[in-house]
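Asker: What follows is each chain in one-letter form.
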Amino acid sequence: MRTALKVEKDRHLNRRSFLRVSAAAGGGLLVSLYLDLPASAEEANQAPPPKVYPPDAFVHLRPDGKIVIQVNRLEFGQGVQTALPMILADEMDADWSQVIPELAPAADVYKDPVFGIQMVGGSGSIAHSFQQYRELGAKTRAMLVAAAVDRWHVSPDQCRTEASVVYGPGGKSARYGELAKDAARKPVPEKVSLKHPSEFRLIGKQVRRLDSPAKCDGSQKFGLDLDLPKMKIAVVAHPPVFGGRVKSVDDKDARSIAGVRDVFEIPLVKGTGVAVVADKFWTAKQARDRLKIDWDLSGIEHADSSQLWARYKELARTTGNVAMARGDDKAMAQVPPAKRIVAEYEFPYLAHTPMEPLNTTIRFDGDAAEAWVPSQFQTLDQMAIAQELGLKPEQVTFHTEFAGGGFGRRAVIDSHVQREAALIAKRLRGTPVKLIWTREDDVRGGYYRPMHAHRVEIGIGADGMPSAWRHVIVGQSLVAGTPFAAMMIKNGVDNTVVEGAADTSYSIPNFHVSAHHPTVNVPVLWWRSVGSTHTAFVMETLVDELATRAKVDPIVYRRKLLKAEAKKLRNALDLMDEKSAAWRTKLPRGHALGIASHECFGTAVACAVDVSIENKRPRIHRATVALDCGIAVNPLTIESQFQAGLGFGLTQLMAKGAITLKDGRVEQRNFDGYAPPYMIDVPVNVDVHIVPSSEPPTGCGEPPVPVISPAVVNALARLTGRRYRTLPLANI
Amino acid sequence: MATYQLNVNGQSKEVSVDPSTPLLWVLREELKMTGTKYGCGISACGACTVHVAGIATRSCVVPVSMIGDRPIVTIEGVGQDPVGQVVQNAWIEKDVVQCGYCQSGQIMSAVALLKATSKPTETNIEESMGGNLCRCATYVRIREAIKSASQQLT
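Chains as they are written, first to last, in the numbering used here: chain A, 1 to 732; chain B, 1 to 154.
Think of the hints as simulated: they come from the structure by calculation, not from any bench. Please read these numbers as outputs of a predicted model, since none were measured by experiment. Accuracy of the hints is not assured; some may be wrong.
Here are the simulated DSS-like pairs of lysine-lysine, each with C-alpha atoms no more than 27 Å apart in a straight line [unchecked claim]:
id	chain 1	residue 1	chain 2	residue 2
1	B	Lys32	A	Lys579
2	B	Lys32	A	Lys221
3	A	Lys195	A	Lys205
4	B	Lys13	A	Lys280
5	A	Lys313	A	Lys285
6	A	Lys247	A	Lys285
7	A	Lys426	A	Lys292
8	A	Lys285	A	Lys66
9	B	Lys32	A	Lys280
10	B	Lys147	A	Lys230
A few chain A residues that don't get close to chain B, going by computed Cβ distances all over 12 Å [stated by the list, open to error]:
id	residue
11	Ile100
12	Pro105
13	Ser155
14	Lys172
15	Ser212
16	Asp227
17	Trp295
18	Pro354
19	Gln395
20	Val524
21	Asp672
22	Thr726
Chain A is faced by these chain B residues, among others (derived, beta-carbon under 8 Å) [said to hold, decoys possible]:
id	residue
23	Ala2
24	Asn7
25	Val86
26	Gln88
27	Gln98
28	Gln151
Heads up, the beta-carbon is just placed ideally off N, CA and C, and yes, glycines get one too.
Work the whole structure out from these sequences, hints included.
Answerer: In structure tokens form, the structure reads like this:
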């Protein structure tokens, strides 16, 4: 994802984009933006297919003054359903109380202006659509002003706008709703001037989430809550080893349950499975439990964690494909052994386990289909459904459903859940079918953050700073064999595996990072903050160890080691230093301070934690976080993202924070065996401080995650004198 | 199949289902009350928390046949209760939610706590909320909202 972020494209609306304006059905002004971007790197090389633009708009100003704003991305907690409308409404000078956000369906116009597909990932929602939504708002406002100018026979500079009203000379005023019809006849201006940041009325203000009330009274519908007339529920029995195939199935008992409608074998992305369709979920689940399936598990690798560790550690002792080489490769030889650190790290597979289990609902009508999907990858999921149903993507009406979390799990390149749902819907033509993955399916279903082994050798210079650094990372590629590979794999190195290490902000003169990408029969996937989940842990624990050896304060040491150009990180470290000073220096007995900092997705974060040990577990009493994300569009959401994102980042420190395999079978099944952080496991208090900035905004979804785990174990190291290099944190 | 008369949010509801069906799925699929969420099915995450006779209960593991005439309150009805309303408002005031999927269960657990203990200590909060998983990990703000509601209730 990080690499994709680096694809340089004009962040302003693409020149080939154009706006259309029209009178909306039922009245009002409809501003539609049509983007003409290649859908992917692959498609860019082919002749563009004829585009069929749906009648969707970004802004629908209704005669009653309500402003419906389409959000071109999934809302799954990150707050984009509030922040993007804020940006548009600010430039439009709209009355915020009249704004109604809607999650846009899949359509070309809603593709990410940088990535070129409709998606959420790479913490790009605000970073990529800030300029887009500002311009949409400013252009809509300009048309409303033009309508008022015509009505009053005045010039535009005699008009000003505020809270959905145009004010003219001589006390004239008109509400936006009244002007909507006339504005709809105005051409869309080619160019508009945007506000100076000092003129922002919404951007930079603490604005409460618009989806909050419905999420507090049970009325918010998520994908799993969808209910359609005559809808059936499907579950699938998946093979116990990835890629296993059904040899035979005895479904007599399953079919004997009242309400079971069909049982049939389906092909999966890997192997085959058995689908059970019933009137209700409980019936479907009971029926699945009664299937007697004889699986063919031959001819496929039975992955086994302990064997993988042995293999990975062996690989880590050899140089891999070079991701970064700076300075003199032989510098290490000149460092005496006593001045070297050799560190080996282990990171297990991690499941995402979003609270809302995976699901997709599809109705297939022969020459068309309708799908309801909580999707991070609308474009790819729509294409996959179309492919399975023998349709064109535009024949699949694709609704973006609210998602109960995702963290990457709903951004799957092979769309395996949607493909299963499509195959089931195909058989039940005309009937809507909701496929539900149970929690067990999710925990055991693969698509994990991969296992990684790191081996780092550091040579320490006379000044106590690292003079040589050799780093080998072993982990499966996230994108090998996918359309993303061309963009994200360079010289045999998958950037998602080495990001956060190879591109470190620390200045180390002789620096070498290489990677091995073994092939393992376990599907893997990006997990919120991707490579930084493990690379930041390695970098930040080792830098902390170096500071301790040099007897230098960990904040001072980091500042000294940072490259001159790492301005954002320096800003974050300085602000964290200032804001944590009061408590940092007065820790109670038995408590210790832990520090970590990291920049990813363009946002720099520094974190200080106060940790003690209770019941042989880390107890995190407080955390102070400072960050530099450019312009902070909604500081309230950013505060919340960082407070909670730290908690998410603690997943990998949990005693049961690992997915392990034995003889090809996943050993965990549910939240009893794979236990993410509960309230007791996260900091009691988190204070969040944002560096004031007028730089373009960068993301806040993933950057909170990497810093907390290294900060906590750095504190533990002070308490116990031990270094923690094997996760999960089983023993302190 | 068996027929049950349930008292849900003060209303009498009749359902005909297999006796083993968990209350969660009766609420969601028979009564179309989808505010109560499925998260794990083994009472390990608390997303399905409702009140049964005033007690916070994981509805995913309680068969409908065991409910009897005990009144059930769900997220859709908890706002009718003064404590429920204060808690829901505190959640909005403190901007607690992110994805929001677990928050029905969080709110039901918090209401049960505050009905039993209007001035909960940090330990009370950690114990009562301890089984409610929030994968976004909004716990810091959940804690704040409970304390804010507590202040308004006393």
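Asker: Give a verdict on every hint.
Answerer: Against the structure, the hints come out as follows:
| no. | hint | verdict |
| --- | --- | --- |
| 1 | B:Lys32 / A:Lys579 | violated, 49 Å |
| 2 | B:Lys32 / A:Lys221 | holds, 11 Å |
| 3 | A:Lys195 / A:Lys205 | holds, 15 Å |
| 4 | B:Lys13 / A:Lys280 | holds, 18 Å |
| 5 | A:Lys313 / A:Lys285 | violated, 41 Å |
| 6 | A:Lys247 / A:Lys285 | holds, 21 Å |
| 7 | A:Lys426 / A:Lys292 | holds, 24 Å |
| 8 | A:Lys285 / A:Lys66 | violated, 44 Å |
| 9 | B:Lys32 / A:Lys280 | holds, 12 Å |
| 10 | B:Lys147 / A:Lys230 | violated, 45 Å |
| 11 | Ile100 | holds, 17 Å |
| 12 | Pro105 | holds, 20 Å |
| 13 | Ser155 | holds, 42 Å |
| 14 | Lys172 | holds, 38 Å |
| 15 | Ser212 | violated, 5 Å |
| 16 | Asp227 | violated, 6 Å |
| 17 | Trp295 | holds, 23 Å |
| 18 | Pro354 | violated, 6 Å |
| 19 | Gln395 | holds, 29 Å |
| 20 | Val524 | holds, 19 Å |
| 21 | Asp672 | violated, 5 Å |
| 22 | Thr726 | holds, 23 Å |
| 23 | Ala2 | violated, 12 Å |
| 24 | Asn7 | violated, 18 Å |
| 25 | Val86 | violated, 12 Å |
| 26 | Gln88 | holds, 5 Å |
| 27 | Gln98 | holds, 4 Å |
| 28 | Gln151 | violated, 17 Å |
In summary, the numbered hints that this structure violates are 1, 5, 8, 10, 15, 16, 18, 21, 23, 24, 25, 28.
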